[in-house]
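*Asks:* Chains as they are written, first to last, in the numbering used here: chain Y, 1 to 254; chain D, 1 to 278; chain R, 1 to 279.
It should be emphasised that the hints constitute simulated quantities derived from the structure, not laboratory data.
Keep in mind that the hints are not guaranteed to be accurate.
[What the hints assert, rightly or not] DSS-like, lysine-lysine: derived pairs with alpha carbons at most 27 Å apart:
id: 1; chain 1: R; residue 1: Lys55; chain 2: D; residue 2: Lys128
id: 2; chain 1: Y; residue 1: Lys150; chain 2: Y; residue 2: Lys206
id: 3; chain 1: D; residue 1: Lys37; chain 2: R; residue 2: Lys102
id: 4; chain 1: R; residue 1: Lys223; chain 2: Y; residue 2: Lys150
id: 5; chain 1: Y; residue 1: Lys59; chain 2: R; residue 2: Lys55
id: 6; chain 1: R; residue 1: Lys55; chain 2: Y; residue 2: Lys150
id: 7; chain 1: D; residue 1: Lys128; chain 2: Y; residue 2: Lys59
id: 8; chain 1: Y; residue 1: Lys114; chain 2: R; residue 2: Lys55
id: 9; chain 1: D; residue 1: Lys128; chain 2: Y; residue 2: Lys224
id: 10; chain 1: D; residue 1: Lys176; chain 2: R; residue 2: Lys3
id: 11; chain 1: R; residue 1: Lys3; chain 2: D; residue 2: Lys159
[To be verified] Just a few of them, taken from the derived set where beta-carbon distance is under 10 Å, the chain D residues facing chain Y:
id: 12; residue: Gly130
id: 13; residue: Leu218
id: 14; residue: Pro221
id: 15; residue: Ala239
Here the structure is a predicted model, which means the values were calculated and not measured.
Using N, Cα and C, we set each Cβ at its ideal position, and we do this for glycine too.
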Amino acid sequence: MFVLGCGRSPKKALVICVAGSTSVQPYAEKLAEEYMRRHKEVRIDIQGGGSSAGVYAAKQGAADLGASSRELVETERDLLEIPIAYDGIAIIVNWRNSLENLSLPQIRLIYQGKITDWAELGLPPHPIHLITREEGSGTRNAFEELVMGKEAEITAAALVQDSNGAVREIVANDPYALGYISMGLVEPRVRAVAVDGVLPTRENVKNRNYKLVRRFLLVARELKPGPCQDFVNFILSPQGQGLLEAEGLVGVVD
Amino acid sequence: MRLDPRIFQVFVKAGLWLLTGFTLLILVFIIVTISIKGLPQVTPSFLLQEPHDMGRTGGIFSTIVATAYITLLAILLASPLGVGSAIYLTEYTREGWITRIIRFGAECLAGVPSIILGLFGFVLFVMKLGFGWSILSGGLSLAIMLLPIIIRTSEEAIKAVPPEYRLVCFSLGLSKWQTITRIVLPCALPGITTGIMLSVGRSLGETAVLLFTAGAALRTPVSLFDSGRTMAVHFYILAREGISMPNAYGTAAILMISILLINVVAYSLMQRLMKRYT
Amino acid sequence: MKKEAFIERVLLFLALSSISTLLLITVFIFLEGLPLMAHVGLKKFLLSSHWAPTKGHFGILAMIISSILVTLGAMVLGVPLGLACAIVLAEFSPEKVKTLLKPTLELLAGIPSVVYGFLGVVWLVPLIRDHLGGPGLSLLAGAIILGIMILPTIISISIDALSAVPDLYRDGSIALGATEWQTVRRVVLPAARSGIITAIILGMGRAVGETMAVIMVAGNALKIPHSILDPVRTLTSNIALELAYASGRHREALFATGIVLFVIIVILNLTATFITRRR
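Whenever a hint applies, use it, and build me the whole structure from the sequences.
*Replies:* This is the structure we're talking about:
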């Protein structure tokens, strides 16, 4: 009865477990649905939990593939790293908020807690309701690396939510909120502001005009030939990459 | 000027009724909101289709299966263990400091925040033992959560059986075990069943433990080692991420109906058992 | 006779299994968490409000305070309303209302906490944000939602406690000329005191242990709150937010937080046992 990994039972060895980044999750689900349509004997389970959780699960063997939306750190470098797409981090405000542009230093000051009122940004006065992700979030780590830098820390007064979707929901319902989510999750109820004059669009991510870009990675201890390897190959194939591009990401394979 | 107590009483009663009305209003509001927004979603196709597009479309079939699977496993593990322990503790040991400590321990564990059990289950079952996110990990963790409840309710039910019954059995020459199976257990059955039903109800609503042990896979679990999301977990994810409000409400409505059904079944079962054995 | 001995052994085995399972968890939690408490120092762990586990700071003061405040808030809301309800339902209403309401209460007690949390996010949070200020996701929201969540528990158990008071007491009091309310206040309530206190303590335990609903409505900010409109993170929320990726010392810190919660629950239970024992 001895098993390693989620879903791998002695009888059905065709289960793949992907865990981690909530940014990658919806795309992984789409890829999984498409792959399972073509390979009916395979079952792919997608778990959330955040990038760090995914990397950890892959390291421990609890997941076959970890999904991360940030780069690996020193202690994780012994894992196999498979980039699958480029994604932008969008800074979002409520659709009723007329803010259109923020400079990178401004974003940093806001998240440090040094700019606390919308009046300081030229809007009607009201405290900014600042939202960030939990510490294990790849989006947060990528954000910290790209925006905050080594010295600045995100203020402890910021609201914390544990997934992209949750952040988006709050910003969508609160006219005074500000947060950051994966670019692909932006929808009409929230507006992505331009960063230093550049809007987060697929083209701007592709040509690197938009600065807040990070890679989506799949990580694993090893990639033995089998369903896992096939799935990864599918993701990196023109069909897989085409699917990701259709969803708003930028592919890694040119 | 001292107010006539009868007049004072009118004010007090009015105040209490007001508070009660307010409270009941809130509680009824909850049931009504879920019903109005959720019941329209409860169609056969909603119940029988699998979720698609992260739950945005499709139904909740896989979550129903996962819920049943995990709950069944947890109850199958916790009930024999719990009822057996209760029998041993009440029938085979004398009331002393040991039993009191055990009882206190069970009480404490019944009160432990479920997230701690989630942490425990995640570290032990999912990671250390390598079961991964699975029905097994979820069922085991849930069983641990239900065990104290079942022990406690079973114990109370068994203790409530009048000692005279046992004395009569012994004087008639029945052995201890015969006494237990023929008289004590049947008498205690309504209480024991209530305890188990209570546990089933708790399992349905449990999210903190299962999210971290059984995971959140969208597909229908088949083997014990498959991951699956229960209805409560599915609801949590749908609601929190704003994936689909109608589906979220629909799931909540089904959960509410399930709990209602369980309460009704438990109640009628209890009535029938009581009639049969008392 | 042999069958008897065998059965006794089986039952003993079951009992020991149960007890060892329950012990296993306690031991596991303590084994994982105590080293961290020793490493950081109990005082620093409990009294520092700097929680930055990935950088080696493990102070849970902000979360302890938040948990305490949220629970207190829930009690402030839940106990008076719950008791009022229980008194009205047990003492002043006809049997029919009681039989209708008991199952409704049980139904409400069974509704998952995440549903309460969700309704809180949809209805309560905007209300707080638009009319009182702050982001809406706040200590206040957490307290209110928790208060509502523990109402069914408090009401149910209090009704049981009140109903258990023999009618003899009531009749005696009325015969002496007291009004209904005087009877309730001076005779029934004191007689039901231990049951009601148990109800309150159980409600408190439930509030302390609640996780999902609180994560949804309380905001989860890591600061000590200055007003009830500030977002807060409770001990339980913290565990839930970080357990999936915590490893090494960080994970030990979460277990240590679990120890703190466990100790709180034990103290609450001891108090309840002590009070009911004194009858």
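*Asks:* Each hint needs a verdict: does it hold in this structure or not?
*Replies:* Status of the hints after comparison with the structure:
1. For a cut-off of 27 Å, the pair hint linking Lys55/R to Lys128/D stands: about 25 Å separates their Cα positions.
2. Restraint check: the Cα-Cα separation between Lys150/Y and Lys206/Y comes to about 26 Å, which is no more than 27 Å; the hinted pair holds.
3. As the CA atoms of Lys37/D and Lys102/R are separated by approximately 25 Å, the hinted pair is consistent with the 27 Å bound.
4. Restraint check for Lys223/R and Lys150/Y: the C-alpha separation of about 22 Å stays at or below 27 Å, so the hint holds.
5. Straight-line distance between C-alpha atoms of Lys59/Y and Lys55/R comes to about 21 Å, which keeps the hinted pair within the 27 Å bound.
6. Restraint check: the Cα-Cα separation between Lys55/R and Lys150/Y comes to about 13 Å, which is no more than 27 Å; the hinted pair holds.
7. Proposed proximity of Lys128/D and Lys59/Y is supported: the alpha carbons are some 12 Å apart, at most 27 Å.
8. Proximity of Lys114/Y to Lys55/R is assessed by CA-CA distance (about 22 Å); at most 27 Å being required, the pair is judged to hold.
9. Proximity of Lys128/D to Lys224/Y is assessed by CA-CA distance (about 22 Å); at most 27 Å being required, the pair is judged to hold.
10. For the hint linking Lys176/D to Lys3/R, the alpha-carbon distance of about 11 Å falls within 27 Å, and the restraint holds.
11. The straight-line distance between the Cα atoms of Lys3/R and Lys159/D is roughly 24 Å, inside the 27 Å bound, and the hint therefore holds.
12. A cut of 10 Å between beta carbons decides the hint on Gly130/D: the least distance to chain Y is about 5 Å, and the hint holds.
13. Checking Leu218/D against chain Y: minimum C-beta separation of about 7 Å stays under 10 Å; hint holds.
14. A cut of 10 Å between beta carbons decides the hint on Pro221/D: the least distance to chain Y is about 8 Å, and the hint holds.
15. Evaluation of the Ala239/D hint against chain Y yields a held restraint, the C-beta minimum of about 9 Å falling below 10 Å.
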